[in-house]
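Keeping their order, the protein sequence lines are chains A and B.
Position in the first sequence (first residue = 1) + 135 = the numbering used here.
Position in the second sequence (first residue = 1) + 61 = the numbering used here.
Any given hint could be a false lead.
Unchecked claim - Dumping the calculated SDA-like pairs for lysine to any residue here, alpha-carbon to alpha-carbon at most 20 Å:
(1) A:LYS204 to B:MET107
(2) B:LYS97 to A:GLU266
(3) B:LYS334 to B:ALA264
(4) B:LYS97 to A:GLY317
(5) B:LYS102 to A:ALA339
(6) A:LYS204 to B:LYS103
(7) B:LYS97 to A:GLN331
(8) A:LYS204 to B:PRO134
(9) A:LYS204 to B:ARG375
(10) A:LYS204 to B:GLY135
(11) B:LYS102 to A:GLN331
(12) B:LYS84 to A:ARG330
(13) A:LYS204 to B:ASP162
(14) B:LYS81 to A:ASP280
(15) B:LYS132 to A:PRO221
(16) B:LYS103 to A:LEU203
(17) B:LYS103 to B:GLU248
(18) B:LYS97 to A:SER267
(19) B:LYS102 to A:PRO221
(20) A:LYS204 to B:GLY106
(21) B:LYS103 to A:GLN331
(22) B:LYS132 to A:PRO189
(23) B:LYS102 to A:ARG330
(24) B:LYS84 to A:ASP280
(25) B:LYS84 to A:ALA339
(26) B:LYS243 to B:ASP209
(27) B:LYS97 to A:GLU263
(28) A:LYS260 to A:VAL334
(29) B:LYS97 to A:ALA339
(30) B:LYS84 to A:GLN331
(31) B:LYS103 to A:MET219
(32) B:LYS704 to A:GLY317
(33) B:LYS334 to B:ASN273
(34) A:LYS204 to B:LYS334
(35) B:LYS103 to A:PRO221
(36) B:LYS132 to A:VAL201
(37) B:LYS102 to A:MET242
(38) A:LYS204 to B:ILE133
(39) A:LYS204 to B:THR163
(40) B:LYS97 to A:ASN271
No lab work stands behind these hints, which were simulated from the structure alone.
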Amino acid sequence: MSSKKEPQSLDKRKAGFSRRGFLGGVGLGAAGTGLLERPAEASPAAVAVSGPGPVPITLTINGKPVNLKVEPRVTLLDAMRNHMEPPLTGAKRVCDRGSCGACTVIMNGKSVYACTVLAIDAQGKRIETIESLPVNNPISTAFVDHDAQQCGYCTPGFVMATKAFLAENPNPTVEQVNHGLGGNLCRCGTYMGIRQAVVQASKAMKGAKQNG
Amino acid sequence: MANTPVYNWPPMNTRKVIGKPLKRLDGPVKASGRAKYGSDKKFPGMLFATYLGSPHAHARVNSIDTSEAEKIPGVRAVHVITGPGKEIQWQGTEVAAVAADTEEIARDAVRRIKVDYEVLPHFVDDANLSAAGSHGKAAGEVVQGDPDKAIQEAEVVSDGTYGIPIVTHCCLEPHGCVISWKGDQVEAWPSTQFVTGWAGTLAPNLKVPAANIHVLQDYIGGGFGSKFAPGAWAEIGAILSQKAGGRPVKIFLERNMELEIAGHRPSAYGNIKIAGKKDGSITAWQSSTWASGGFPGAGSPPLPYVYSNIPNQRRNHVSVSTNIAGSQAWRAPNNQQASFLTCSALEDFAAKAGVDPMEVFRKNLSYTPRAELYGYQLDKAAELSEWKKLWKPRGSQTGALRRGLGMGVNAWGGGGHACTARTTINPDGSVLLEMGTQDLGTGTRTVMVQVAAETLGLQPNQVKLVIGDNHLPPGGSSGGSTTVGGVSSATRKSSMNALYKLFDAVAPAWNVQPEQLEAVDGQIRVKGTPGKSMTWAAACKKIAPGSKIQETGANEQRNPMGLNTAGVGGVQVADVTVDTETGQVRVNRFVAVQDCGLIINPRLAESQCYGGIIMGISTALLEERITDNETGHMLNADMEFYKLAGIRDVGDIVVHLDIREENDKRGVIGLGEPPAIAICAAIGNAVANAIGMRVPHIPMTPMHVLNTLEGRKA
Chain A
136 MSSKKEPQSL
146 DKRKAGFSRR
156 GFLGGVGLGA
166 AGTGLLERPA
176 EASPAAVAVS
186 GPGPVPITLT
196 INGKPVNLKV
206 EPRVTLLDAM
216 RNHMEPPLTG
226 AKRVCDRGSC
236 GACTVIMNGK
246 SVYACTVLAI
256 DAQGKRIETI
266 ESLPVNNPIS
276 TAFVDHDAQQ
286 CGYCTPGFVM
296 ATKAFLAENP
306 NPTVEQVNHG
316 LGGNLCRCGT
326 YMGIRQAVVQ
336 ASKAMKGAKQ
346 NG
Chain B
62 MANTPVYNWP
72 PMNTRKVIGK
82 PLKRLDGPVK
92 ASGRAKYGSD
102 KKFPGMLFAT
112 YLGSPHAHAR
122 VNSIDTSEAE
132 KIPGVRAVHV
142 ITGPGKEIQW
152 QGTEVAAVAA
162 DTEEIARDAV
172 RRIKVDYEVL
182 PHFVDDANLS
192 AAGSHGKAAG
202 EVVQGDPDKA
212 IQEAEVVSDG
222 TYGIPIVTHC
232 CLEPHGCVIS
242 WKGDQVEAWP
252 STQFVTGWAG
262 TLAPNLKVPA
272 ANIHVLQDYI
282 GGGFGSKFAP
292 GAWAEIGAIL
302 SQKAGGRPVK
312 IFLERNMELE
322 IAGHRPSAYG
332 NIKIAGKKDG
342 SITAWQSSTW
352 ASGGFPGAGS
362 PPLPYVYSNI
372 PNQRRNHVSV
382 STNIAGSQAW
392 RAPNNQQASF
402 LTCSALEDFA
412 AKAGVDPMEV
422 FRKNLSYTPR
432 AELYGYQLDK
442 AAELSEWKKL
452 WKPRGSQTGA
462 LRRGLGMGVN
472 AWGGGGHACT
482 ARTTINPDGS
492 VLLEMGTQDL
502 GTGTRTVMVQ
512 VAAETLGLQP
522 NQVKLVIGDN
532 HLPPGGSSGG
542 STTVGGVSSA
552 TRKSSMNALY
562 KLFDAVAPAW
572 NVQPEQLEAV
582 DGQIRVKGTP
592 GKSMTWAAAC
602 KKIAPGSKIQ
612 ETGANEQRNP
622 MGLNTAGVGG
632 VQVADVTVDT
642 ETGQVRVNRF
652 VAVQDCGLII
662 NPRLAESQCY
672 GGIIMGISTA
682 LLEERITDNE
692 TGHMLNADME
702 FYKLAGIRDV
712 GDIVVHLDIR
722 EENDKRGVIG
732 LGEPPAIAIC
742 AAIGNAVANA
752 IGMRVPHIPM
762 TPMHVLNTLE
772 GRKA
């Protein structure tokens with residue numbers, strides 16, 4: 136993206152750990168695996184040189200355009216939580232390094248960690264957050280029914296991960312649930328309820344589809 | 062019309078709301094992402110703060126230059142916390158903080174702060190007592206009976222070394238708050254386990270009256286014992302806010318600092334000898350232990366755990382101070398360490414004697430304070446884990462995959478903390494219940510509403526609850542498994558007090574005495590007189606217009622009036638499979654038999670057990686704060702390498718809550734901690750049983766398991 140990025144990120148690496156250095160490193164490693172989208176595939180709005188100051192961007196979140204002015208280093212997660220007005224805070228910042236899933240959102244139909252996506256790279260993508268779901272949607276309801284939350288801080292991430300997982304696995308076994316939701320972590324220990332909730336949600340959603 | 066209620070719980074078989082598995086009331090708002098935690102708050106003009114933490118484990122600050130940071134546009138306040146001349150005793154010590162328009166600017170500014178440190182020698186190797194030197198403080202030897210003679214005369218003596226490392230709380234919502242300080246008024250949205258007490262701790266540091274500090278919290282993203290006090294961040298945030306003209310400041314720790322400094326469970330290590338007879342009966346205990354909770358050292362775990370009355374004992378303990386941030390209370394402080402050390406030694410003694418450990422635990426029950434209870438639980442745990450069928454003597458297995466069973470015991474207090482509830486009944490029939498408490502995710506909201514609804518003969522949705530505000534009647538701190546006992550008792554009292562006032566207003570209508578009335582199924586009625594009843598709404602119309610009934614009720618720790626009590630035990634069994642080629646330990650099933658008192662909500666009580674066990678499985682298999690001896694740095698201060706158990710790692714969990722009338726009569730007892738105690742013990746023992754060797758150090762990672770199998774020292 137930015138040719139000006141390199142000197143600054145090197146400078147930051149000397150002083151300490153920098154997000155931009157981190158994302159750069161991950162991007163190089165992940166390009167071959169397809170874990171992260173390559174910058175070149177980002178929206179045309181991400182021009183060859185942008186930043187380091189704030190740049191205007193447009194995100195499509197929950198079907199609505201959102202105009203922001205953020206620095207290119209700002210993650211999608213921080214853009215939603217810190218820069219939007221009013222903020223979208225269902226996605227939580229926990230590890231901030233793509234390890235825990237608390238910030239899971241759905242981008243172009245796939246679950247992603249919003250802390251590992253730069254906001255400028257999320258332009259032109261369909262971003263769905265938990266705020267797009269009604270309070271009593273089948274997944275959240277299943278989580279309530281099976282007491283699959285305690286402090287609740289990881290729960291929105293789990294709900295969105297479940298939504299993306301069930302879209303691809305509408306009839307999962309418990310073993311598949313264990314693998315499909317392995318990218319999300321809970322500290323209070325609610326996994327027993329989550330297993331049951333995902334199974335209930337899968338049945339409820341199939342029922343809804345048949346009725347619909 | 063003296064009409065003082067006799068406080069009690071309704072009989073088990075008459076309860077309509079208490080004892081029912083109500084879904085947690087804040088479930089929908091949490092599961093839909095609508096719940097706003099302190100870290101979600103955003104106020105007009107709010108600034109973002111971040112820290113500069115010390116990169117050194119031990120150093121003195123020679124000089125600090127913040128001028129470059131201050132020049133950055135958007136920086137609104139810079140505060141030096143650890144100035145020239147001050148000594149730093151652990152990595153991550155807050156050196157300076159910056160508040161800026163955006164978090165990005167604040168981070169840039171922190172990087173521009175120049176600090177000249179004089180680096181001093183550090184010590185972080187808590188596992189190595191021989192290296193501790195002057196960092197260790199011996200507690201003094203304790204001797205009971207004649208341990209030397211008993212060991213000399215014993216038929217069997219086991220001798221083992223055990224270690225359980227420092228683990229961090231890793232609350233998903235980091236420590237911090239949003240705080241504003243303007244003039245002599247402070248408003249804060251912290252992440253805290255003690256809404257009522259938070260202001261009083263902060264006030265002297267700011268020299269602001271506690272009455273001027275308004276504390277608000279709707280939700281907290283995990284605490285586990287680490288979030289009682291405001292912490293340095295509240296004071297620092299307040300100072301930054303004041304410097305920035307009173308603008309609110311959001312100051313939450315970033316994940317690396319959260320793991321480095323926000324709290325951890327102390328380690329514990331020890332050499333333990335157990336002596337006894339070939340039949341498995343124990344005659345002597347000898348332990349030499351040490352522990353570290355970072356710079357402040359650590360207290361001694363209560364040894365021997367549960368089996369405290371072994372007649373001949375010698376105990377030595379050393380508290381080791383390291384250049385690591387101080388520990389915080391961690392879900393049953395000292396008990397996990399004590400359970401692990403004791404139960405590991407008991408299992409090793411059983412193996413040495415050639416006796417089934419279940420028999421050793423049973424045969425020596427007279428040394429425990431509650432032999433009958435534990436005896437019952439051992440039977441139950443054996444049944445649920447299919448112990449008789451699945452347990453094989455240690456070392457009898459061959460093949461790459463080896464299955465093992467192991468057990469552990471727990472004990473905890475968990476009475477009710479002091480707190481005050483307020484119940485208001487309005488003439489329109491609406492009911493308000495209030496307390497300055499907090500719901501950690503344990504279900505405090507739900508149990509309070511259940512108790513009030515039960516008491517008033519209403520449905521839960523007819524009670525509006527307000528908590529999380531220090532202007533409300535005082536709540537206690539949510540620690541020590543004392544919350545449910547406290548809030549339920551106080552709510553019972555305030556609601557009975559309010560109801561009796563309502564009876565006073567209603568009784569004249571039937572020309573009866575107030576004590577002849579009862580509240581059942583949304584009606585106030587004369588006991589035993591079916592015709593004489595009126596709806597709740599009609600009864601409340603008897604309250605003088607423009608007035609309301611408002612009554613408080615307090616739980617007193619020293620006089621809980623039978624509403625709550627303390628003291629539970631538990632037995633747990635782990636069933637694991639160890640892959641001796643990869644060192645991987647898999648939990649097949651984990652069985653927990655848990656003693657309890659009156660259960661207000663079995664669904665939530667069960668969730669507490671699951672939660673404690675899963676957290677325990679995580680610490681038993683994965684978690685360890687790894688601190689580099691050379692640099693004094695925490696090497697895994699992130700969630701990629703500080704591992705928490707995922708949904709795949711926890712196996713099947715069977716919880717048996719001992720809900721019986723005889724237990725119900727004891728009153729309410731907290732459950733947050735007891736089920737979290739014995740997991741490292743049970744899993745460590747199951748691994749030893751499976752592979753025929755003691756893996757001395759938790760966690761049961763492939764590295765530790767393979768090192769043991771290959772005879773290497775970790």
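Hints versus structure:
no. : hint                 : verdict
1   : A:LYS204 to B:MET107 : holds, 17 Å
2   : B:LYS97 to A:GLU266  : holds, 12 Å
3   : B:LYS334 to B:ALA264 : violated, 49 Å
4   : B:LYS97 to A:GLY317  : violated, 26 Å
5   : B:LYS102 to A:ALA339 : violated, 33 Å
6   : A:LYS204 to B:LYS103 : holds, 18 Å
7   : B:LYS97 to A:GLN331  : violated, 26 Å
8   : A:LYS204 to B:PRO134 : holds, 16 Å
9   : A:LYS204 to B:ARG375 : violated, 68 Å
10  : A:LYS204 to B:GLY135 : holds, 15 Å
11  : B:LYS102 to A:GLN331 : violated, 32 Å
12  : B:LYS84 to A:ARG330  : holds, 17 Å
13  : A:LYS204 to B:ASP162 : holds, 13 Å
14  : B:LYS81 to A:ASP280  : holds, 14 Å
15  : B:LYS132 to A:PRO221 : violated, 30 Å
16  : B:LYS103 to A:LEU203 : holds, 16 Å
17  : B:LYS103 to B:GLU248 : holds, 13 Å
18  : B:LYS97 to A:SER267  : holds, 16 Å
19  : B:LYS102 to A:PRO221 : holds, 10 Å
20  : A:LYS204 to B:GLY106 : holds, 17 Å
21  : B:LYS103 to A:GLN331 : violated, 35 Å
22  : B:LYS132 to A:PRO189 : holds, 18 Å
23  : B:LYS102 to A:ARG330 : violated, 31 Å
24  : B:LYS84 to A:ASP280  : holds, 7 Å
25  : B:LYS84 to A:ALA339  : holds, 18 Å
26  : B:LYS243 to B:ASP209 : violated, 66 Å
27  : B:LYS97 to A:GLU263  : holds, 19 Å
28  : A:LYS260 to A:VAL334 : violated, 29 Å
29  : B:LYS97 to A:ALA339  : violated, 27 Å
30  : B:LYS84 to A:GLN331  : holds, 15 Å
31  : B:LYS103 to A:MET219 : holds, 10 Å
32  : B:LYS704 to A:GLY317 : holds, 13 Å
33  : B:LYS334 to B:ASN273 : violated, 56 Å
34  : A:LYS204 to B:LYS334 : violated, 66 Å
35  : B:LYS103 to A:PRO221 : holds, 8 Å
36  : B:LYS132 to A:VAL201 : violated, 31 Å
37  : B:LYS102 to A:MET242 : violated, 25 Å
38  : A:LYS204 to B:ILE133 : holds, 18 Å
39  : A:LYS204 to B:THR163 : holds, 12 Å
40  : B:LYS97 to A:ASN271  : holds, 17 Å
The structure shown violates the earlier hints numbered 3, 4, 5, 7, 9, 11, 15, 21, 23, 26, 28, 29, 33, 34, 36, 37.
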